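Participant: Residues per chain, in single letters:
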Amino acid sequence: MFSQVRTIWQVLKHTFTKADTVEYPEQKPYLAPRYRGRIVLTRDPSGEERCVACNLCAVACPVDCIALQQTIDEDGRKRPEFFRINFSRCILCGFCEEACPTYAIQLTPDVELCEYERHNLVYEKEHLLIEGPGKYPDYNFYQQSGIAIADKGKGQGVQEAPPVDIRGLMP
Amino acid sequence: MLESAFKLLEIFIIIALLIPIAAMLVWVERRMIGIWQDRLGPNRVGPGGVLQSLADLLKILGKEDWVPQFSDRSVFIIAPVIGAVCVLMSFAVIPFSPDIGVSNLNIGLLFFLAMASLAVYSVVLAGWASKSKYARLGGMRAAAQTVSYEVFMGLSVMGVVLLTGTFNLREIVLAQSDTWLIQSQFVGFSIFLIAGIAESHRLPFDLPEAETELTAGFHTEYSGLKFALFFLGEYLGVTLISAMSVVLFFGGWLMPEPLASWLPPLVWFILKILFFVMFFILLRTSLPRPRFDQLLAFGWLVMLPLALGNLLITGALKLGGVL
Chain A
2 MFSQVRTIWQ VLKHTFTKAD TVEYPEQKPY LAPRYRGRIV LTRDPSGEER CVACNLCAVA
62 CPVDCIALQQ TIDEDGRKRP EFFRINFSRC ILCGFCEEAC PTYAIQLTPD VELCEYERHN
122 LVYEKEHLLI EGPGKYPDYN FYQQSGIAIA DKGKGQGVQE APPVDIRGLM P
Chain B
4 MLESAFKLLE IFIIIALLIP IAAMLVWVER RMIGIWQDRL GPNRVGPGGV LQSLADLLKI
64 LGKEDWVPQF SDRSVFIIAP VIGAVCVLMS FAVIPFSPDI GVSNLNIGLL FFLAMASLAV
124 YSVVLAGWAS KSKYARLGGM RAAAQTVSYE VFMGLSVMGV VLLTGTFNLR EIVLAQSDTW
184 LIQSQFVGFS IFLIAGIAES HRLPFDLPEA ETELTAGFHT EYSGLKFALF FLGEYLGVTL
244 ISAMSVVLFF GGWLMPEPLA SWLPPLVWFI LKILFFVMFF ILLRTSLPRP RFDQLLAFGW
304 LVMLPLALGN LLITGALKLG GVL
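Residue numbers (our numbering), protein chains in the order written: chain A, 2 to 172; chain B, 4 to 326.
This is chain B alone, in the form it adopts within the complex:
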């Protein structure tokens, strides 16, 4: 009884920290993009602008929460919730540190992949229920893009599973106590990262919401709190993909010895996540958006063979006893 109460408390604390962190990321992103574009970014609200997200939140809560008459009402309302919930659910299997982590699920990696696939429904249903051309085009693109990139996202992490022999994320981290998997799985990591960007539809793979062509894509018709949920889902998604990259390829909370004793494991984990979040933001500022057929061709003709080849060679090397 007491144990489950502690577990609930732990879940509550993790959620209560994740959501403000995702909100802060909005400010971090705008600030970093500003710096990289030789601007300043938002720096007026609070010291250095840290309270910008709070101001944004207040503003967005003040907006009219409008459901268009032509939309499919119930689906329209449930779609953003699905997105945010699926991403939050994925955090259940992330091992934050040796002691922190909601669930020690023995199929944690599969659970993550399943939740990533479910999150597509949010975008597809939003596009469908809006019954407007931009939203529908965005939803269609999201469906095609996510289905294609999911395939080799799964394949790219199979190399990790082959080498560690487990789907449990905590054990995957512990298996990296000697060497991080990035050394042997660099190709797998690159594929996973690219697929992860596509899954969280961030630039340069943000075709479902491509502003220049589709107004705002699948969330064109959304406003107020529901729009905020999409936003939350997107930034949680960025954090999630960063966290998964760290867990799968960069040793999670582990650090080589002289460094490990300087800071607690949780801090190392967060620092590593932050590094990847920064990388995501850097990609967003620097890369242009591909055309949609280029995106799909890149997925099926380049990434899929690469992922399969990576899996084959990893398997062969594992059998040969090299790795």
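With the rest of the complex left out, here is chain A:
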């Protein structure tokens, strides 16, 4: 009985505490930079697309909302011919970001993904690509992966060691 009276008193004291409510449309809450919102495709520091269309994101996606096709350009880089994310299916789980070997696909703290027409939620590559490198400003896949492209051979990248002679006996 006493504990009930104590409860009533404690609740009554909350008359003067400030409400925790964030009145959303007028007052936006702070979303951390790593918040899992709208998906973007980023570019490396030299301004080229990072995505090599390896399909790992599409495989990782639990709802199969990512579709893409690989193509190899004249400069030797692999690129997605098309890259399509259906945001009406996407559950913003972030598995694609974890799967991506080149930091190309990233989730952003933008959650306002509302459309009146459902087909407007299907984003093509030109909608997904952004200008900057996203969360990893220095990362450049072709400068450290040891893959030869038109203007750069194996081992000539900034962070690459020259290739080993696989027929040599030296360790």
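Treat the hints with care, since some could be wrong.
Claimed, not checked - Facing chain B, from chain A, some residues (calculated, C-beta under 10 Å):
no.	residue
1	Thr-8
2	Ile-9
3	Gln-11
4	Val-12
5	His-15
6	Thr-16
7	Thr-18
8	Lys-19
9	Ala-20
10	Thr-22
Said to hold, decoys possible - Over 10 Å on every C-beta distance to chain A, these chain B residues come out as not near it, computed from the model:
no.	residue
11	Lys-66
12	Arg-76
13	Met-92
14	Ile-185
15	Leu-228
16	Leu-266
What the hints assert, rightly or not - Looking from chain B toward chain A, a few residues come up when the C-beta cut is under 10 Å (computed):
no.	residue
17	Ile-38
18	Leu-43
19	Gly-44
20	Leu-285
21	Thr-288
Hints listed in this document are in silico derivations from the structure and should not be mistaken for laboratory results.
In this text the structure is predicted, and so the values were computed from the model without any measurement.
From the three backbone atoms N, C-alpha and C, an ideal C-beta is built for every residue, glycine too.
Given chain A, work out where chain B should sit, using these hints.
Facilitator: Frame of chain A; chain B shown alone:
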């Protein structure tokens, strides 16, 4: 002729004010619960959200007014009406101020108790006519709960009758012009308030409609306007129990002298009612719901002996000339 026309007008005005007030209480309750739970509550419709009830009403009128095929049709339809009408009838004997009040019935208190008992039929019949398990369980609980709590609700106000020597609510208020009865009848007041909460089946005694176990209890099958009538009945019931507590124990419209001249008696009466309504809402936010056997055991083993003891001691003190 002219007098009865005025009386009709008075009745009409009281009803026309009571129903919007009961509707407003929905907003007040949601807002206050919000504040006590560190939220804001409904604040979008109109300034501060005051028009929320109107929006709710429009929405509920737009709902399909559905009567299930398996229900007992006529009883199903009449049940919510009984509830709202019984509570509204009780307001007939409430003296709002020295001049306002529908009926100056000399058995006003008994009339109130009778109407409170009749209101049970609304819940029981609703539970019965719905012919669904949740509704029936709710109706059963309501019957058991209300019958048990009615007993000592009647007993708790007998102390007031002993001290004032009348069943007329207006005379009971006037008898408190020196001291309010809360001073000598605090136990009676506590019992009356607890029984009143149980009678209007509000939290923590809302077992007939316990959401977590019975979906919505006796009004599970109701929708649209009929559901709105149940809602209206509940909030009118809260107002009624508050008004009765004020009339019986807190001197009705009376106030001690320096305060009495500041505001008209009706305003004091409404302010006092509002205080109790707030208390009801506070109870709802803070207390958990007891188990049903705990509820009945509490009623019969704690409240009933307490009410009887209160009556005995009041009677003895009255005979001894102390009170």
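Participant: So, for every hint listed, does it hold in this structure?
Facilitator: Now for the hints, and whether the structure bears them out:
Evaluation of the Thr-8(A) hint against chain B yields a held restraint, the C-beta minimum of about 5 Å falling below 10 Å. Evaluation of the Ile-9(A) hint against chain B yields a held restraint, the C-beta minimum of about 5 Å falling below 10 Å. Hint status for Gln-11(A): holds, given a least beta-carbon distance of 8 Å to chain B, under 10 Å. Taking 10 Å as the C-beta cut-off, the interface hint given for Val-12(A) holds, the closest approach to chain B being about 4 Å.
Given the 10 Å rule on beta carbons, the hint for His-15(A) holds: about 5 Å separates it from the nearest Cβ of chain B. Interface restraint check for Thr-16(A): the shortest CB-CB distance to chain B comes to about 6 Å, inside 10 Å, so the restraint holds. Contact between Thr-18(A) and chain B, as hinted, is supported at the beta carbon level, the nearest pair being about 6 Å apart and thus within 10 Å. Because the closest C-beta pair between Lys-19(A) and chain B is about 7 Å apart, less than 10 Å, the hint holds.
About 5 Å separates the beta-carbon of Ala-20(A) from the nearest beta-carbon of chain B, less than 10 Å, and the hint is met. Look at Thr-22(A): its Cβ gets to within about 5 Å of chain B, closer than 10 Å, so that hint holds up. Taking the minimum C-beta to C-beta distance to chain A, about 26 Å, the non-interface status of Lys-66(B) holds against the 10 Å cut. No Cβ of chain A approaches the Cβ of Arg-76(B) within 10 Å, the least distance being about 43 Å, so the stated non-interface status holds.
Taking the minimum C-beta to C-beta distance to chain A, about 32 Å, the non-interface status of Met-92(B) holds against the 10 Å cut. Every C-beta of chain A lies more than 10 Å from that of Ile-185(B), the closest at about 18 Å, which supports listing it as non-interface. Against the 10 Å criterion, Leu-228(B) stays outside the reach of chain A, whose nearest CB is about 32 Å from its own CB. No Cβ of chain A approaches the Cβ of Leu-266(B) within 10 Å, the least distance being about 23 Å, so the stated non-interface status holds.
Hint status for Ile-38(B) relative to chain A: holds, with the closest Cβ pair at about 6 Å, below 10 Å. Interface hint status for Leu-43(B): upheld, as the beta-carbon distance to the closest one in chain A is roughly 5 Å, under 10 Å. For Gly-44(B), the suggested interface contact is upheld, since its CB lies about 9 Å from the closest CB of chain A, less than 10 Å. This hint holds: Leu-285(B) has a C-beta 6 Å from the nearest C-beta of chain A, less than the 10 Å allowed.
Nearest Cβ of chain A to the Cβ of Thr-288(B): about 6 Å, under the 10 Å cut. The hint holds.
No hint from the list above goes unmet by this structure.
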